[in-house]
Amino acid sequence: MKELLVERLSKIYFDPDRGERIAALEEVSLRIAPGEFVAVVGPSGCGKSTLLNLIAGFLEPTSGRILLDGRPVRGPGPDRGVVFQSYALFPWKTVLENVAFGPRMRGLPKAECHAKAMRYLELVGLAHVAHRYPRELSGGMQQRVGVVRALANEPEILLMDEPFAAVDAQTRMTLQEELARIYEERRPTILFVTHDVNEAVFLADRVLLLSKGRLREEIPVPIARPRRWPRLVEDDDFKALVARTLSAVRAA
Amino acid sequence: MTASAEPVRAHRRARTGAIVQAALPFVLLLLLWQGLVAGLQVSPLVFPSLSAVVRAAGQGLRDGSLFLHLGASLARVAIGTAIALLLAVPLGMAMGVSRAVAAFFTPLLRFFSVLAGIAWIPIATLWFGYGFGAIVFVIFNAVFFVVAYNTLLGVATIPVELRRAAASLGARRWSMVREVLLPGALPNIVTGIRTGLGFAWRALIAAEMIATSTGLGYMLFLARDFYRTEVIVLGMVLVGCTWLALDRLLLAPLERRTIERWGVVRGA
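Quick note, the sequences are listed as chains A and B, same order. When we follow the numbering used here, the leftmost residue of the first sequence carries the number 1, and every step to the right adds one. When we follow the numbering used here, the leftmost residue of the second sequence carries the number 1, and every step to the right adds one.
Please note that the accuracy of each hint is not assured.
If you anchor each label on the Cβ, the simulated ranges turn out as follows [claimed, not checked]: (1) B:HIS11 to A:ARG74: 41 to 51 Å; (2) A:GLU60 to B:ARG15: 51 to 61 Å; (3) B:ARG99 to A:GLU184: 39 to 49 Å; (4) A:ASP17 to B:VAL8: 50 to 60 Å; (5) B:ARG15 to A:GLU184: 54 to 64 Å; (6) B:VAL101 to A:ARG74: 52 to 62 Å; (7) A:GLN170 to B:HIS11: 35 to 45 Å; (8) B:GLY17 to A:PRO230: 27 to 37 Å; (9) A:ASP17 to B:ALA78: 35 to 45 Å; (10) A:ASP17 to B:HIS11: 34 to 44 Å; (11) A:ARG74 to B:ARG261: 32 to 42 Å.
Quick caveat, the hints were computed from the structure, so don't treat them as lab data. Given the structure is predicted, the values throughout are model-derived calculations rather than measurements. Virtual Cβ for every residue (Gly too), placed ideally from N, Cα, C.
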């Protein structure tokens, strides 16, 4: 795992209707250490998805630069795994083929890719649906596949764009705990974008607050791991941090 | 009667009902035909009786001429369609990958895909003479533009997240085409094939009337020279039935299955 460095990153759009420049992201700098879990929160339109899409290489920055392990990022690549809110599973591929896709693109032999995919599916208890198609699965199961598909490619950093926003509240908590468990076991580097303050504080080591395209505040989360909901809902430190982050979001 | 048998029976009843409903107008039409021709004593030079058409069909089956014409027509459609697909799908893909290629070809495709296949017949006979080449060229044109346009459309409707997901998993241009764009566009491609073949079939019959010596269109047109109205009507029935069979038994199920199996399910 390598460090991610973002330096004075800006993304400016031109709005032809209003005839003015809109800054989706302005002079944002941040550093994510190897093995660190960082969450970015903020209201919709604050630029958090733009930030993630720039790091993923889906968008070109107007200015500034992104360095992964010291090398500048240009376009999408397998060193940055992405988990999408809409899951983005290939509907014409089975669950196993979806997870094996990244390793296959790296040219590994098919049998090896499938064995690897199977191991990752076991990690989230989905080995039994390996040969089903995504549409046959519930939303929560589809997003588990989305997460292990990104993990199975062994990226330097995992970029997660509101990955649990589309599932029901019950499933969301299960998925959050599962991600926390995977993180505690494997320590991947994660950048997690969400508008849900509870989720950000529950998952991350550090919460960054973004508003109107600018970084406003950085809130460390010194809560011990493993983190599980039954314990944290009772935890005063957790509750205080959520309250503090929430008021910061509302003030921003 | 068990409870579980009831839905099955209801389903069968509904199916039988649907078949009866589809067949009924045709049965009435046949009865009306036979009644009017016999009742008004219509000359066979004007319109044949139902029984004369049935006899002509029997004769055509015995001497094999029906199979000859039907086979010739189907073979031309198959060859023209195959060539069109081989060129149209790669072109549509190329347009899907490159904005510049798409911008250049889209207006052309839009124009040529509405230009009726029949409109190509005069130029086709000039280039290829009266025969196989001209007909296949007409079929090719009827299928090519529609399929190319639908392929482009299919690629354009693939959700951007799927392309992004593939790219961030390491897919380069060629893998992107093979693993994402082609399967993602397949439902549209199949719809294009079905639409294109509908145009092609109509164009084929017209082209065969003037540009060949076999085929259903030729059979129709030749019979006219001998005032064989029963053969003309038999040919018309065959043209219609063959298309219905092709469309209902092959193309429509293919389209439905492709959409079910490959269709992109939008994110939640």
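Against the structure, the hints come out as follows:
| no. | hint | result |
| --- | --- | --- |
| 1 | B:HIS11 to A:ARG74: 41 to 51 Å | violated, 58 Å |
| 2 | A:GLU60 to B:ARG15: 51 to 61 Å | holds, 57 Å |
| 3 | B:ARG99 to A:GLU184: 39 to 49 Å | holds, 44 Å |
| 4 | A:ASP17 to B:VAL8: 50 to 60 Å | holds, 59 Å |
| 5 | B:ARG15 to A:GLU184: 54 to 64 Å | holds, 57 Å |
| 6 | B:VAL101 to A:ARG74: 52 to 62 Å | violated, 23 Å |
| 7 | A:GLN170 to B:HIS11: 35 to 45 Å | holds, 37 Å |
| 8 | B:GLY17 to A:PRO230: 27 to 37 Å | violated, 58 Å |
| 9 | A:ASP17 to B:ALA78: 35 to 45 Å | violated, 52 Å |
| 10 | A:ASP17 to B:HIS11: 34 to 44 Å | violated, 55 Å |
| 11 | A:ARG74 to B:ARG261: 32 to 42 Å | holds, 36 Å |
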